[in-house]
Structure formats: structure tokens, C-alpha cells
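Colleague: Listed below are the residues making up each chain.
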Amino acid sequence: METLNHNIQAIPLNHYILLCSIIFSIGVIGVLVRRNAIVIFMSVELMLNSVNLLLTAFSVYRGDATGQVFVFFIMALAAAEVAVGLAIIVMIYRNTNSIDINVLNRLKW
Amino acid sequence: MSTFYFIAFLSIFFSILVITAKNPVHSILYLILTFATFTIHYILMNAQFVAIVNFIVYMGAILVLFLYTLMLINLNKDSEPQKSNFIKVIGFIAGGCFLVAIVAALKAYKTSQLVVLQDPNLGLVKNLGKILFNEYLLPFEVSSILLLSAMVGAVLLATKEPKTT
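Taken in order, these protein sequences are the chains called A and B. Residues 1 to 109, numbered by this note's numbering, are exactly what the first sequence covers, in order. Residues 1 to 165, numbered by this note's numbering, are exactly what the second sequence covers, in order.
Next up, chain A with everything else stripped away, as it sits in the complex:
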């Protein structure tokens, strides 16, 4: 554990922010580019996870454990969201025989 603590001491906070924003934007691009509903869901998970990593980094940086408690709550939220969202996707597939989100254009009217 001592060596791990030495490992972390050399990393500037900016590099954590940069890493998390890159992964967050990859998630945004995934939501915009793909049409498969499940892959869009996975991109949302990617965004949630990058925010979790950034919260933990800030929590370690400030020496305040509240950030990690929030990460725990975000994980509970993500689990609930995934359960409901995947149930909705299964139901959409059952009704339209496709998980292409463009099929859901009719929701506009």
C-alpha cells in the first residue's frame, strides 16, 4: 500500500479532469452517433462512470470522504436506472421487433 500511495502523489489534478472529460465526451459521442438503444444506454453508463471517477479524485484531493459517499449513491441510482431502462427496451422490442431508436419517431406526435 505504501508504493500505491507513492504512485498517486505525482499526478496533477488536471490530468484526472482531462481523463474524465475525455471519457465523458466519448459517452456523449456514443449517444449521438449510435442508433442501437442498448449501446446508447452503455454510453450513458460510461458518462456516469467518468463522473464517479472524477468525484473520487476530488474526494481524495480534498481529503473529504463525502465525495465517495456520493459515488455510492450514484451507483445505486445507476442500478435503478438500468433496471427500468432495460425493461423499457425489452418492452419496445416486444412491440416493434426492433431496438432502433428511429423507429420511435412516432412518439413525436
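Each statement offered as a hint is correct.
Which stretches of chain A does chain B cover? Using the computed rule of at least three CB atoms under 8 Å from a CB of chain B, they are:
| hint | segment |
| --- | --- |
| 1 | 12-20 |
| 2 | 52-60 |
| 3 | 80-89 |
Rather than coming from a laboratory, the hints here were simulated on the basis of the structure. The C-beta atom is built at its ideal place from N, Cα and C for all residues, glycine as well.
Please build the complex by placing chain B on the supplied structure of chain A, with the hints as guidance.
Modeller: Chain B in isolation, oriented as in the chain A frame:
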């Protein structure tokens, strides 16, 4: 120090593969690898509780749920919908603009301190449990109601409606 940069490179690489893989099953497998690199990030920060919960909840539960749903849906590869190239380019430009905006805002904040772990007990289960059950007891209980309602909602949505004639 170099461990962090290697793992960061791996997580960016795998997350790009997640959104570019044609087959959704490969996408999910790459997402599992991405979450594994995130777990290593947490361990490097000595946030042991978050690392274990990330390992169990994300890599264990949520991604198995994804794979199970994919198995239920039984996608063929040729039914995989693709957007037109124009939309793809627009999406990449939009996401890139977002990234550039954040990086530019980061550049304005010149000085960057190092992330130093002052208290090695910060991320341990004992410390976090004390905080969670003292200051955040009410949100903890409310999140249990959230999980219960999500479970009920998922069961309600996913069951077939009985024939009403």
C-alpha cells in the same frame, strides 16, 4: 506515476472501442474492460470501498443485466441499425466541441496541484460507513425506497400484459 498514464490510456482506448464496435456483444465486453480499468484507478487512489462496489455492482450486476437483455432480444448482426455518415460526422464534431470547451476552461485554471492522499484511511469501509450511517442516513434509506420502486417498475414493465377481451 506511469501506472496511472498507462491505465488512463487503456480506459480511453477501450471506451472508444465501446462506441465503435459493430456487434453489441463486443461492445458490452469492451465496457466490462473499461470498468475494470476504472476499478484499477480507484485502487490507485486507495478508495477501496468504491473499488469493490464498482467491481461488484458494475462489472458484476449491471453488465450481466445488459448481456442478459441482449440475449433476450436476440439481435442478429445484419439488423444492427447504422446512422448515415453525415449524422456520424456531426455527432463527432458536437462531442469534440464539448471536449474542447472543457479543456479550454481547464487551461484558464493554470495552477494544478498534485492529488495527494493525506489520510490513508479515507476510502476504507470503516471510515465511509461511519459517515454514511451518521450524516447520510436519510438519503441512504431513501435510496432503498428508490431501489424497491425500480424493482417493482421493472417487473411491471417487463411482464406481458394479459389478454383483455
